[in-house]
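Enquirer: What follows is each chain in one-letter form.
There are 2 protein chains.
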Amino acid sequence: MSGFEIIKRSKKYSARQGKIMTPHGIVRTPNFMPIGTRGAVKLLSSQELKQAGVQIILANTYHLFFEPGIEVLKKFRGLGNFMKWPGPILTDSGGFQVFSLNEWRQVLDYGVRFHHPKTGKEIVLTPEKVIDLQKIIDSDIFMPLDECIPYDSSYKKAEKAVKRTICWAKQSKKAFRFRKQNRPLLFAIVQGGKFLDLRERCAKELINLDFDGYALGGLAVGEPFKETRRISKKIVSLLPSNKPRYLMGLGEPSQLVWAVLNGFDIFDCVLPTRNGRHGLIYIFKRLKKWRLEDLLKKKFYQKISIENSVFKNDKSPLDKKCGCFACQNYSRAYIHHLFKIKDPLGQRLAVIHNIYFYLELFKKMRELI
Amino acid sequence: MSGFEIIKRSKKYSARQGKIMTPHGIVRTPNFMPIGTRGAVKLLSSQELKQAGVQIILANTYHLFFEPGIEVLKKFRGLGNFMKWPGPILTDSGGFQVFSLNEWRQVLDYGVRFHHPKTGKEIVLTPEKVIDLQKIIDSDIFMPLDECIPYDSSYKKAEKAVKRTICWAKQSKKAFRFRKQNRPLLFAIVQGGKFLDLRERCAKELINLDFDGYALGGLAVGEPFKETRRISKKIVSLLPSNKPRYLMGLGEPSQLVWAVLNGFDIFDCVLPTRNGRHGLIYIFKRLKKWRLEDLLKKKFYQKISIENSVFKNDKSPLDKKCGCFACQNYSRAYIHHLFKIKDPLGQRLAVIHNIYFYLELFKKMRELI
Chain A
669 MSGFEIIKRS KKYSARQGKI MTPHGIVRTP NFMPIGTRGA VKLLSSQELK QAGVQIILAN
729 TYHLFFEPGI EVLKKFRGLG NFMKWPGPIL TDSGGFQVFS LNEWRQVLDY GVRFHHPKTG
789 KEIVLTPEKV IDLQKIIDSD IFMPLDECIP YDSSYKKAEK AVKRTICWAK QSKKAFRFRK
849 QNRPLLFAIV QGGKFLDLRE RCAKELINLD FDGYALGGLA VGEPFKETRR ISKKIVSLLP
909 SNKPRYLMGL GEPSQLVWAV LNGFDIFDCV LPTRNGRHGL IYIFKRLKKW RLEDLLKKKF
969 YQKISIENSV FKNDKSPLDK KCGCFACQNY SRAYIHHLFK IKDPLGQRLA VIHNIYFYLE
1029 LFKKMRELI
Chain B
669 MSGFEIIKRS KKYSARQGKI MTPHGIVRTP NFMPIGTRGA VKLLSSQELK QAGVQIILAN
729 TYHLFFEPGI EVLKKFRGLG NFMKWPGPIL TDSGGFQVFS LNEWRQVLDY GVRFHHPKTG
789 KEIVLTPEKV IDLQKIIDSD IFMPLDECIP YDSSYKKAEK AVKRTICWAK QSKKAFRFRK
849 QNRPLLFAIV QGGKFLDLRE RCAKELINLD FDGYALGGLA VGEPFKETRR ISKKIVSLLP
909 SNKPRYLMGL GEPSQLVWAV LNGFDIFDCV LPTRNGRHGL IYIFKRLKKW RLEDLLKKKF
969 YQKISIENSV FKNDKSPLDK KCGCFACQNY SRAYIHHLFK IKDPLGQRLA VIHNIYFYLE
1029 LFKKMRELI
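As given, the protein sequences belong to chains A and B, one line each in that order. When we follow the working numbering, the leftmost residue of the first sequence carries the number 669, and every step to the right adds one. When we follow the working numbering, the leftmost residue of the second sequence carries the number 669, and every step to the right adds one.
Quick caveat, the hints were computed from the structure, so don't treat them as lab data. Being a predicted model, the structure only gives us computed values, none of them experimental. Hints are supplied without guarantee of correctness; some may be wrong.
Identical copies carry no separate label here, and so any pair may be met within one copy or between two of them.
What the hints assert, rightly or not - List time: in silico BS3-like cross-link candidates among lysine-lysine, alpha-carbon distance up to 30 Å:
no., residue 1, residue 2
1, K687, K965
2, K797, K1008
3, K953, K743
4, K797, K1010
5, K989, K743
6, K679, K1031
7, K803, K718
8, K679, K965
This is chain A alone, in the form it adopts within the complex (with noise of 0.2 Å):
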């Protein structure tokens, strides 16, 4: 039965270790999705990502809308078996990607209006009209419709978005609708930019409701960390503690041990991919022993640039205990080779190795609460 169970909490901070129960697997918690927004995560296969350690990815209803389109989704009965992927995934709903649309779109009070990015169609998404792309998607949690503002939007426009996307919430649940006991799991987010009772509104009405998982949007959109925490900290407490909370968009692992310490399960961001392609390694430091407490308050990892010319000659891999596909095969002067060339199997060793580097982080975090 589809659902979240927590297995154990930790006796010094919010952290919890659980799972959650999806058509198409378990998810340990916390744990961390890899960015695959329109059915691919960047240069990997899914046995790539299966052997990285990944359980649940990532993708982007208003992207594949657009490509590959809803036929062809519909025709393979799902993005899972479009992409060969057997496992949970997410589907964040395209909120965040129509608001940062540039080009013309009108927020209305029945969903968005706004121009297709290439043919220039008009084109409107309702709330109930993602809900229902997400089913074609066949997704295994799917996020509802929501007004997603820039962090410092005024109070005025911030209070119209958290209306809004209460809204919308209510309606996506209504357009939510499944029979059988192992269903998808919906979530609501929660709006309100920097204005803490706007926030307090917006997760109050949503949790009445009464949704799968509640997350923290329009966070983690460039402002600085501490007004992160400042917010989330606070909204982390008001929500159901039996409920899956995820903090949509971070970030580096300091901030995630920081937020899974405060009570968060579930994340995702680009940075591990986008930093891999890039030729920026995360390694972990050795810490004599791994506490909690070290996480949260040393610097256990460092990022370095595999491109730079101190690596030309390193016959060591990218960090000599990691398991990964690249640091199990390849050396650091391979790999920097290859960015010179610009092979791209560079980035794929990057970003294999990037991904395991995260999803390790999280590994041992659930054993250490």
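Please arrange chain B on chain A, whose structure you already have, making use of the hints.
Expert: Just chain B now, kept in the frame of chain A:
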């Protein structure tokens, strides 16, 4: 012990089935070498090469000299260790590359002088130096420095190039010296442009010098295939039948069949890899029975462009009967999608398939000989 052994000869054609023994393993012939110019078959890991059935790869001395450079290759004790390719490697000398340089270069009796393509520094490559470089690369089959001229060069120019190529081959043989029995092989390259008498003279003189194998160079460089056939059919008949014969740079599958049936043993070409990167996929047609004469006379394959929108919804693999990683795991529609969104995973799958296709063709030919 290194060398060449003929296992079987075709009754009807000049084709032979054999094996080349090298320090890093055995190459069944006829066979095809994917191109790994700078120590990487673009996009692919060495595990993927192995899995696709690759027995030997080609790398380029000239390119490796610049990147990763000799110091790195020395430190790793060879290219195989560096790129984690455990099998045999043939290294082209780079003659072809040097002579393709648009920038200033001088061909002198003792070697070639040119400017470093990036630093502008003057560089001299002599036949001896090229052999020494291949020792550092730890190559299995060495190619000597040769003077590679455009196909339609004048008689005078071609004659001069032949003289130099013979002279350099002699010097190369002197510089190539191994005490151990399990030593690499040294081939010679027959030049002579479009002039049969020069080609013959070149072949005879090189045969007198007794090399481990003979290559035909300066062909498949843009001339009509009729011309390639005219030269290669004549010259192959002069080459010792107990030595491997290598037709450099060929080609399309149908051309390769012709060349195998006329007695050539090994080949290299950019087509399967480059075409794959451009979404051009080789697919076998269904023949009732595979016979050498059918391969020679019938159109036994086709090429499809996976970017074509007819594949948008196509659930079948690139080729239903293919055993490659791409066909065993992914659909045409997904690979089409990957090309549309420019994810290099698409190119990777296409290249894996094309290499597998080429190697299947050679496997079939070996079985049929």
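Enquirer: Would you mind marking each hint as holding or not holding in the structure?
Expert: Verification of the supplied hints:
no. : hint         : in the structure
1   : K687 / K965  : within (27 Å within a copy, 62 Å between copies)
2   : K797 / K1008 : between (45 Å within a copy, 25 Å between copies)
3   : K953 / K743  : between (47 Å within a copy, 27 Å between copies)
4   : K797 / K1010 : between (41 Å within a copy, 28 Å between copies)
5   : K989 / K743  : between (44 Å within a copy, 22 Å between copies)
6   : K679 / K1031 : within (18 Å within a copy, 63 Å between copies)
7   : K803 / K718  : within (24 Å within a copy, 40 Å between copies)
8   : K679 / K965  : within (18 Å within a copy, 77 Å between copies)
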